[in-house]
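Residue numbers (the working numbering), protein chains in the order written: chain A, 452 to 725; chain B, 452 to 725; chain C, 452 to 725; chain D, 452 to 725; chain E, 452 to 725; chain F, 452 to 725.
Don't take each hint at face value.
Pairs involving identical chains hold if they fit within one copy or between any two copies, as the list cannot separate such chains.
Distance condition first, Cα-Cα at most 25 Å in a straight line; then the derived BS3-like pairs of lysine-lysine [to be verified]:
id, residue 1, residue 2
1, K477, K686
2, K568, K510
3, K685, K477
4, K510, K467
5, K456, K674
6, K697, K467
7, K627, K568
8, K540, K456
9, K533, K640
10, K627, K640
11, K467, K568
12, K685, K697
Treat the hints as calculated values from the structure; they're not laboratory data. On a predicted model such as this, the values are computed, not experimentally measured, just so you know.
Spelled out, the chains give:
There are 6 protein chains.
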Amino acid sequence: MQFAKEHINRLFQAAKAMFMDLGITKTGLLTLVHDTLDANDMNDEPHVHIRLVVSRGVKSTPYQNPNVNIGLPLIVIIPEIKAVSPSVKTRGLRLATTWVRRGPPDVKDEQWNHISKATDVQACISANVMHVDEALMLDLRGFVKTCNSVNFFIIRGDEVWAPTKDNQMQGITRQKTIDVCRANGIVVKELDFSLTEVYGADEAFCTGTFPSQIHVTEVDGRKIGDGNCGAITKKIQELYSEFVRKDVERSREEILADISAPRDLTHLGIYTTL
Amino acid sequence: MQFAKEHINRLFQAAKAMFMDLGITKTGLLTLVHDTLDANDMNDEPHVHIRLVVSRGVKSTPYQNPNVNIGLPLIVIIPEIKAVSPSVKTRGLRLATTWVRRGPPDVKDEQWNHISKATDVQACISANVMHVDEALMLDLRGFVKTCNSVNFFIIRGDEVWAPTKDNQMQGITRQKTIDVCRANGIVVKELDFSLTEVYGADEAFCTGTFPSQIHVTEVDGRKIGDGNCGAITKKIQELYSEFVRKDVERSREEILADISAPRDLTHLGIYTTL
Amino acid sequence: MQFAKEHINRLFQAAKAMFMDLGITKTGLLTLVHDTLDANDMNDEPHVHIRLVVSRGVKSTPYQNPNVNIGLPLIVIIPEIKAVSPSVKTRGLRLATTWVRRGPPDVKDEQWNHISKATDVQACISANVMHVDEALMLDLRGFVKTCNSVNFFIIRGDEVWAPTKDNQMQGITRQKTIDVCRANGIVVKELDFSLTEVYGADEAFCTGTFPSQIHVTEVDGRKIGDGNCGAITKKIQELYSEFVRKDVERSREEILADISAPRDLTHLGIYTTL
Amino acid sequence: MQFAKEHINRLFQAAKAMFMDLGITKTGLLTLVHDTLDANDMNDEPHVHIRLVVSRGVKSTPYQNPNVNIGLPLIVIIPEIKAVSPSVKTRGLRLATTWVRRGPPDVKDEQWNHISKATDVQACISANVMHVDEALMLDLRGFVKTCNSVNFFIIRGDEVWAPTKDNQMQGITRQKTIDVCRANGIVVKELDFSLTEVYGADEAFCTGTFPSQIHVTEVDGRKIGDGNCGAITKKIQELYSEFVRKDVERSREEILADISAPRDLTHLGIYTTL
Amino acid sequence: MQFAKEHINRLFQAAKAMFMDLGITKTGLLTLVHDTLDANDMNDEPHVHIRLVVSRGVKSTPYQNPNVNIGLPLIVIIPEIKAVSPSVKTRGLRLATTWVRRGPPDVKDEQWNHISKATDVQACISANVMHVDEALMLDLRGFVKTCNSVNFFIIRGDEVWAPTKDNQMQGITRQKTIDVCRANGIVVKELDFSLTEVYGADEAFCTGTFPSQIHVTEVDGRKIGDGNCGAITKKIQELYSEFVRKDVERSREEILADISAPRDLTHLGIYTTL
Amino acid sequence: MQFAKEHINRLFQAAKAMFMDLGITKTGLLTLVHDTLDANDMNDEPHVHIRLVVSRGVKSTPYQNPNVNIGLPLIVIIPEIKAVSPSVKTRGLRLATTWVRRGPPDVKDEQWNHISKATDVQACISANVMHVDEALMLDLRGFVKTCNSVNFFIIRGDEVWAPTKDNQMQGITRQKTIDVCRANGIVVKELDFSLTEVYGADEAFCTGTFPSQIHVTEVDGRKIGDGNCGAITKKIQELYSEFVRKDVERSREEILADISAPRDLTHLGIYTTL
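So here's chain A without its partners, still in its complex pose (with noise of 0.2 Å):
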């Protein structure tokens, strides 16, 4: 299962910001994700997408105060099968800026990684009313941040460069995808930029768990490059096949055993027995 430590990881962290115990450990839950694939005969199948979502469960009356809850928590965990259709990934993906902005995280922060979609969702009609993909989202302050429902880069010279990870969905597969280039010696910046460079940008790709890297085709009007899939996406998208092909390799215990294992501080001469 592809980095399922890293997703586990981002919602107990989310749980714990809404002050939700989850009831359960984070084994625990890797091994419900488990049994629920084996229930469904999914194993084999080989693009399986799931959706892993988590409420606070039955309320004593529809209020908003966690305090009127009512036992544990309601866990979801969805599992489908799911492709994206080979001739999106041909043509790319067309974007356009919309009014919408990210907010600061003392309003709502991303990290929450809550279903409540109200901004991501305004977002979206607002590209369908303009025809377009994804609508490519700014923060308060004006620079580039992400679409709204993957994350953005763009590509200037040899050089990646990402928006800071603040005010937008901590994508695993944006962190990735980072990490990639870097092991392979592609420079990334995560730098405030505008859309003044994203026009003049030679190439530009979206992230998404579950359509990896798709390249953008145009922003606004403007054709980005000469408006097909550049050479340094193409060299991406490679290297990370490669990459989550060995991490969907491991086995159910490897995965488990990585979840479980306390921080190794030995480089720094600690030794921590959690």
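Since the structure of chain A is provided, determine the placement of chains B, C, D, E and F on it from the hints.
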């Protein structure tokens, strides 16, 4: 039924903002509410509180784009028998200011009236951690805006001060309280004010559909006035009770007629037949 | 000539803000306009639209500092015969909200009334890309402000709502429209409002020197009202036409006398002889 | 003594905001002021200016937490004989806009009325560096707010414009000037305005407890009006002098009775006995 | 004496920002500190904590303008014998996030290092009201910045994260802690992060001149790590103690020579004789 | 010709942002510049400064929409013989901080590189009013950003600090100065810093295409360093002169080849034939 027209209008405006066609007219929706009350034999109950929640309904796949919705929206009507315990009415509310801020309308417009309540819930959690009844929330410019689930007012001298309508829940009780005050010669100002002006207020109270007006006894450890329900707050409670009594006495037919009536512009010398 | 005094005063105030001595009096400048109309034999033309643009004139070297200017400012007066096509008046305007924002007055004050129109042009380009007539622009706090080349109003119930004067072009037609409404018993509020309140408005219209008031039929794919010109908008158009007719009937002498008259403060009990 | 009630109330509200128990009643504090004047034989002096400063008093260690304070607050009363030199009254004030901004109330609320004057002093230094009398300060949104030690007004046509009360010193002379104008039929608007509207104003003046109203002759090198004290400013100075004369004629007993009186709500039909 | 050079330099830079001529050289000031220790016979005391506060001195009238100061600045040197109680060191700190924000440098630059502590004191009061040891403060964009009297760090995995230097007290212990970590192979990143990343951190600690590093056990009711002092925090405490030990072993002559030495730019190939 | 490729690329990126088709290739445009120099017999002049300005050309009516443009853009090439007077180089620049702020890229992106210079000109006017050479400008968060017509750097210890690239003119000399420093072992950090860190800097300098680097002697009345050109600034001037000398020695053919060359990605293991 209390202020049915205002609640229905607010719902339809919010649905339009979310590009959501409810597939039903305003009178149709209100009739559904009436039917629900009939079906539950709740017409003569004195303390029925209705929650009316609308979602886009079934999706072909769990993805944020409204384009993947299939079929009609889902309409949920929850009638509850609910009364504020007299002791809460008597003891009033203790508030503390939270670090969570109300955001701007290009991020998440409170007028979407959406159930994406992550911001409000985080503020509510903050209130729980601080051991108070509700969290008082500031806007991004540092002015006092609202509580996490009720609207907020202060009284200084003989003037009622309300935060401006923006960036807070468009409370119908909030608006009706303002209307009732003005109709009875009590000055209400909608303006920006700071916590210092709250601490130094003579009285403070909160409004919600359910509790009408409840006085505030304490904010951030500072007692408001003498810590009891103030003279003007009591007066407003009396005026408001009478006002509601008249509204709920109206027959179902009167309410339905009110909802479907066109704008009356004859006082502007305009004869319109929309 | 329509609202000559207001246009001349706006120009002189802006010139003062840019530390620019026009080297001519207000009456002198208006006389130049009259001379231009005479020279072009345009006095009896019903649809003359005048553009009056002032620059600092010749520079000793192409550098931004006004200190390198030599000689007097350059005054350009362009009289054009121009009429809004009746079809535009009939079909109204389609708007979409752009990502381009109106900035604050410590960055670029709209009251400088400057021809530095990069912001407006970028918004206009955005409108072109979205295939609408004008771009609707928000301010940095996310509230609705203006269109890229015309001012914006909505009507909710029997009230006209206008964004506050700041951070938008100081349209003289905008101000005169407000004045005409108030003089005729139509309530106009200048306040912050959000897109949701635009989508849910009964009517909307734009104002400009040239088109006076044109109704808005659609914003971001949401139809406004029933998509036609509303009853109050029509009323305002009629009242405004009559108002303009009276203004343009004034003789050149009356207008010149008006421009050079001192403030009349006698109603305050002040007898001033500036 | 001039506006004793307002000064005392402002002090008590600020102390509450700083969670500081002054350990004395309002009438007690005013009596101390009277005693100080008596002890210094200053009762018949025409130009006594009183500074009343309160601190938390002695600390067990120099640390910011009020918990380490021991004993009662320290009350300092400084009566000074002080008069604005007639030449300043005659020549008026020259201002220049500083880079220092007024901050928001969740950072430092001007209503804390605190002697933490680093912001004001930095602006004052800026004025010294620019060789003007006072620095004009903008707020974080770029609108005109206040001078570094006095409040600021402009007059356009026959209207007085004042920046909104927020983010500036809650000057009692500022408020009383507004009250006096309104009581005498002079329109005062509290609103956001920009420097361009200052440069283009007919008149401008500053207010402070000590200098009452002084006209402004120049802002950022632009002459205001004709550079002299304007007709409306003069009128306000006259009206205000008369208003103050009546206030200071009150006996000590009248003032003390005024300070300890409860709110009068009889005009609202409320008979309160707090 | 610990980090004398850095403290003296910080003081002189701040005085320059406040346009304040201290009337003494850096070595002169340090000599005064030495003299004070000698006069109090405190040289061999192991726990002396020195506060060095400078004010403009005597004024001819209580007014904010430095121009009314007469004579030299006042220099106050307070040596105290002070030790963190071992129990605090053992139990660590409990924090809660306050509504009070750190402001921007054009309002009040934390680098002025000024005793205008109203913001900090208000945050401290907020901590008292919430019954925690220190208040955690966000900046105006909603990111975690500092505590009210100590600086703040978190540890995620094997990385130390510190808020960027801006808008917080320029803690010398903060900087030295970063230096010590980097010199010992511990990665320190200075970046924007949110409360969610604090709640999900493995460890957190605060720094101050006096307590060096103290671990944080709880933030907003969420336990940090397992609620005890973490392995990397302990390691940093050890490394830092050793680092300080070496610094304080230096003779007075070495410290004085260090303070008066010019910049050494020989490694850039520049031979400078300032 | 100095840094022709970078200037041409910046122009084309800006034109794309303004949705402007220049109707000419990069090499075509550079050839026009060469032709202009030839036509003016300026090839052997040592101090030729070229201004290359592009506008949309003729419009059918004076209106902001690019759709009313007819025909090709207008290209203006102004070669001037121009030299910084040696006295300016010797005496350095005096700066003062202006109230005018650099805005965000969703209002006016500095990368549009547009001649809409109202903001810069207002800052320049502010500098004139304050009797200094250039105005120092902050961004909306209060950090130091740029001067009105040149970029700004400070040197603290042995580090060069530059404001981050955003919200300021994308100076090519600015970038080349950074490149030259880094290539020669001088550390350059791009970060947010405040005026206090400017006042306390050891050195400061400005960069522009024309003057290269000029030292700053004074900011807001505070002397920088000892008021002369500092040792590192001098070193950078020498390194930069040598760097420019090599660049301008290149033949026209080399420069043209450089402009039309594709990205070289062979070091990434990518063989691209765009």
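Hint-by-hint comparison with the structure:
1. Neither within a single protomer nor between protomers do K477 and K686 lie at most 25 Å apart by alpha-carbon distance, with minima of 34 Å and 28 Å respectively.
2. Within a single copy, K568 and K510 get their C-alpha atoms as close as 21 Å, and across copies as close as 15 Å, so both meet the 25 Å cut-off.
3. Taking the shortest Cα distances, K685 and K477 never come within 25 Å of each other, neither inside one copy (35 Å) nor across copies (27 Å).
4. Proximity of K510 to K467 under the C-alpha cut-off of 25 Å is restricted to the intra-copy arrangement: shortest distance 19 Å within a copy versus 29 Å between copies.
5. For the homomeric pair K456 and K674, the shortest alpha-carbon distance between copies (22 Å) is at most 25 Å, but the shortest distance inside one copy (38 Å) is not.
6. In the homo-oligomer, the alpha carbons of K697 and K467 never lie at most 25 Å apart, since the shortest distance is 31 Å inside one protomer and 42 Å across protomers.
7. In this assembly of identical chains, K627 and K568 lie within 25 Å of each other by CA distance solely inside one copy; the values are 24 Å within and 30 Å between copies.
8. In this assembly of identical chains, K540 and K456 lie within 25 Å of each other by CA distance neither inside one copy nor across copies; the values are 27 Å within and 34 Å between.
9. Neither within a single protomer nor between protomers do K533 and K640 lie at most 25 Å apart by alpha-carbon distance, with minima of 32 Å and 39 Å respectively.
10. Taking the shortest Cα distances, K627 and K640 sit within 25 Å of each other both inside one copy (14 Å) and across copies (19 Å).
11. In the homo-oligomer, the alpha carbons of K467 and K568 lie at most 25 Å apart both inside one protomer (19 Å) and across protomers (17 Å), since each shortest distance falls under that limit.
12. Within a single copy, K685 and K697 get their C-alpha atoms as close as 19 Å, which meets the 25 Å cut-off; across copies the closest is 37 Å, which misses it.
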